[in-house]
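Heads up: the sequence shown begins at 1 in my numbering, then just goes up one per residue.
The hints are simulated quantities; they were obtained by calculation from the structure and are not laboratory data. One or more of the hints may lead you astray.
As the list claims (entries may be wrong) - Label-pair ranges, simulated between beta-carbon atoms:
(1) Val123 with Pro22: 22 to 28 Å
(2) Ala32 with Arg71: 22 to 28 Å
(3) Glu50 with His5: 18 to 24 Å
(4) Val124 with Met1: 39 to 45 Å
(5) Asp103 with Pro82: 28 to 34 Å
(6) Gln21 with Val123: 23 to 29 Å
(7) Thr94 with Ser2: 33 to 39 Å
(8) Leu55 with Lys101: 29 to 35 Å
All residues carry an ideal CB built from backbone N, CA and C; glycine is no exception.
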Amino acid sequence: MSRAHEILDALYEHTLDGEAQPVVALTQEGLALGMDPNTLLFEAMIPALEEVGRLFETGEYFVPEMLISARAMSGAMEILRPLIAQTGAKPIGTFVMGTVKGDIHDIGKNLCNTMLEGAGFVVVDLGV
Numbered sequence: 001m002s003r004a005h006e007i008l009d010a011l012y013e014h015t016l017d018g019e020a021q022p023v024v025a026l027t028q029e030g031l032a033l034g035m036d037p038n039t040l041l042f043e044a045m046i047p048a049l050e051e052v053g054r055l056f057e058t059g060e061y062f063v064p065e066m067l068i069s070a071r072a073m074s075g076a077m078e079i080l081r082p083l084i085a086q087t088g089a090k091p092i093g094t095f096v097m098g099t100v101k102g103d104i105h106d107i108g109k110n111l112c113n114t115m116l117e118g119a120g121f122v123v124v125d126l127g128v
C-alpha cells in the first residue's frame, strides 16, 4: 500500500474518531507529498463524516461524537480551504447560517457549517 493510501485510511479513521491533531498532521503530510486537497477531503474526511451520520442514526454515536468528529475535520479545513479555493473549483452554492435571537447554542450551527463547507458550499456564518 502506498503512503498516499495509508494517509487516506488514517485520515478517515482519525476523523471518524474525532482526533484533531492527527487529522491536521495527516492533512499536512498528504499535501507535502503532493496529494490533491480535494482527494484528502472527498476520499477520507467527507466519507468519515458520512459514517458518523450513519452511526448517529443507528444510535451508536451521539451529538458529542458528531461534534468531536466535525471539529477534527474543521482543523484540516482551515488548511484545505484556501488551497481548494486556489484550484478555481466553483462552490456548489452559498448557505447563510445563524441562530435565532436569544439562542446562545451554536453547536448544531457549527456542525452544519463544517459539513457544508466540506461538501463544497460557501458558508456565511452570522453567529449567535
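Checked hints:
Judged by the Cβ atoms, the range 22 to 28 Å given for Val123 and Pro22 holds: they are separated by roughly 25 Å. In this structure the hint that Ala32 and Arg71 lie 22 to 28 Å apart at CB holds, the actual value being about 23 Å. For the hinted restraint 18 to 24 Å between Glu50 and His5, the CB-CB distance of approximately 19 Å keeps it satisfied. Separated by about 40 Å at the C-beta atoms, Val124 and Met1 satisfy the suggested range of 39 to 45 Å.
Range check, Asp103 to Pro82: Cβ separation about 31 Å, and the 28 to 34 Å hint holds. Judged by the Cβ atoms, the range 23 to 29 Å given for Gln21 and Val123 holds: they are separated by roughly 24 Å. A hinted range of 33 to 39 Å for the beta carbons of Thr94 and Ser2 is consistent with their spacing of about 37 Å. Range check, Leu55 to Lys101: Cβ separation about 33 Å, and the 29 to 35 Å hint holds.
Hint check: no violations occur; every hint is consistent with the structure.
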